[in-house]
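Protein chains: 2
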Amino acid sequence: MLSIRSGTARDVSLIRVLIYEFAEYERLQALITENELLRDGFGTQPKFQILIAEWQNKPAGYALFFDCYSSFRGRGIFLEDLFVRTEFRGKKIGRALLARVAAIAQKNVCFGVMFNVLEWNRSAIEFYQSLGATFVDDWKTACLCGDAMRLVASEAA
Amino acid sequence: MLSIRSGTARDVSLIRVLIYEFAEYERLQALITENELLRDGFGTQPKFQILIAEWQNKPAGYALFFDCYSSFRGRGIFLEDLFVRTEFRGKKIGRALLARVAAIAQKNVCFGVMFNVLEWNRSAIEFYQSLGATFVDDWKTACLCGDAMRLVASEAA
Chain Z
6 MLSIRSGTAR DVSLIRVLIY EFAEYERLQA LITENELLRD GFGTQPKFQI LIAEWQNKPA
66 GYALFFDCYS SFRGRGIFLE DLFVRTEFRG KKIGRALLAR VAAIAQKNVC FGVMFNVLEW
126 NRSAIEFYQS LGATFVDDWK TACLCGDAMR LVASEAA
Chain F
6 MLSIRSGTAR DVSLIRVLIY EFAEYERLQA LITENELLRD GFGTQPKFQI LIAEWQNKPA
66 GYALFFDCYS SFRGRGIFLE DLFVRTEFRG KKIGRALLAR VAAIAQKNVC FGVMFNVLEW
126 NRSAIEFYQS LGATFVDDWK TACLCGDAMR LVASEAA
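If you read the protein sequences in the order shown, they are chains Z and F. Quick note: the working numbering has the first sequence finishing at residue 162, numbered continuously throughout. Quick note: the working numbering has the second sequence finishing at residue 162, numbered continuously throughout.
So that you can see chain Z by itself, here it is in the shape it has in the complex (with noise of 0.2 Å):
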């Protein structure tokens, strides 16, 4: 049995756990902890929200969001991560929590759910796509991360 509920404080534990485990599947590193966990997440100003997928009571996947603006289109959410651990696949749990971040989407009369998707992650591409989803092939996404943020923020006037 499948039950998706919202994450709250008590989950940052879980959710870190989460989180590494979906770095390790994208062969990415994580750095968060779970004071900022709970710091951007369950403070007075969320940062994102999540909903975590319970199967038969078992923490089975997650999905993390938060809300997006297109100045041509409106109000969107941005899909940072949809997870679902290994063991639990096959189940119809990733569509299962999409479908719910949808139906957040549309009630918060937005244009749509964006995403990134890893280009090698074929299975992830079709099963998008499969569902209507648009791909934006001429967009490139980067990032003035780090120092270079601070070297340019030092010429602010």
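Honestly, the hints are just simulated from the structure, not real lab data. If you're wondering where the values come from, they're calculated on a predicted model, not measured in any experiment. Take these hints with a grain of salt, some might be off.
As the list claims (entries may be wrong) - Cβ-Cβ distance ranges computed for the label pairs, FRET-style:
#: 1; chain 1: F; residue 1: Arg94; chain 2: Z; residue 2: Phe132; range: 39 to 45 Å
#: 2; chain 1: Z; residue 1: Gln61; chain 2: F; residue 2: Ala14; range: 46 to 52 Å
#: 3; chain 1: F; residue 1: Gly95; chain 2: Z; residue 2: Arg94; range: 52 to 58 Å
#: 4; chain 1: Z; residue 1: Leu7; chain 2: F; residue 2: Asn62; range: 57 to 63 Å
#: 5; chain 1: F; residue 1: Ser135; chain 2: Z; residue 2: Thr91; range: 39 to 45 Å
#: 6; chain 1: Z; residue 1: Thr91; chain 2: F; residue 2: Asn126; range: 36 to 42 Å
#: 7; chain 1: Z; residue 1: Glu131; chain 2: F; residue 2: Asn113; range: 33 to 39 Å
#: 8; chain 1: F; residue 1: Gly151; chain 2: Z; residue 2: Asn121; range: 17 to 23 Å
To be verified - Chain F residues, not near chain Z, derived (Cβ > 10 Å throughout):
#: 9; residue: Glu39
#: 10; residue: Pro64
#: 11; residue: Arg90
Said to hold, decoys possible - Below 30 Å or equal to it, Euclidean Cα-Cα: the simulated DSBU-like pairs (lysine-lysine) are:
#: 12; chain 1: F; residue 1: Lys112; chain 2: F; residue 2: Lys97
#: 13; chain 1: F; residue 1: Lys96; chain 2: F; residue 2: Lys112
#: 14; chain 1: F; residue 1: Lys112; chain 2: Z; residue 2: Lys145
#: 15; chain 1: Z; residue 1: Lys63; chain 2: Z; residue 2: Lys112
#: 16; chain 1: F; residue 1: Lys145; chain 2: Z; residue 2: Lys145
#: 17; chain 1: Z; residue 1: Lys112; chain 2: Z; residue 2: Lys96
#: 18; chain 1: Z; residue 1: Lys97; chain 2: F; residue 2: Lys145
#: 19; chain 1: F; residue 1: Lys145; chain 2: Z; residue 2: Lys96
#: 20; chain 1: F; residue 1: Lys97; chain 2: F; residue 2: Lys63
#: 21; chain 1: F; residue 1: Lys96; chain 2: F; residue 2: Lys63
#: 22; chain 1: Z; residue 1: Lys145; chain 2: F; residue 2: Lys97
#: 23; chain 1: Z; residue 1: Lys96; chain 2: Z; residue 2: Lys63
#: 24; chain 1: Z; residue 1: Lys112; chain 2: F; residue 2: Lys145
#: 25; chain 1: F; residue 1: Lys96; chain 2: Z; residue 2: Lys145
#: 26; chain 1: Z; residue 1: Lys63; chain 2: Z; residue 2: Lys97
The beta carbon of each residue, even a glycine, is placed where N, CA and C say it ideally should be.
For this one, chain Z is given, so just place chain F on it according to the hints.
Chain F only, in chain Z's frame:
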């Protein structure tokens, strides 16, 4: 002389004009209305922030951005639009706007400023690379939009 200020509710007509000029430059279609900009930018829970650049008291460009979140790296800013009107190019106005956004990101202890660039826009890509921005080449950006979003949302339990 350049000055940069935060946009207010009194600027929505101007903001709409600037956004539609930017959309034309990007060969994309804007659909946003003044009422939506007023509600989403200047209500009790703003969905975006905007900086307006003025050159000799004439509106010359803008930067529109919002908070984003990386589960791996924490707080970030997503720079949705950075635009300088054609007749005001070559005065380092874009760079000054970006510096101001970077300074806000640094003050908020963000890992960086994320943004998208259109692949054909070589001059923008070179501009950002010269500032030390890193390009994420293995991500595809996608949207579950409009009818596709509503169809998936209808599956939500």
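Taking each numbered hint in turn, which are not upheld by the structure, reported in ascending numerical order? none
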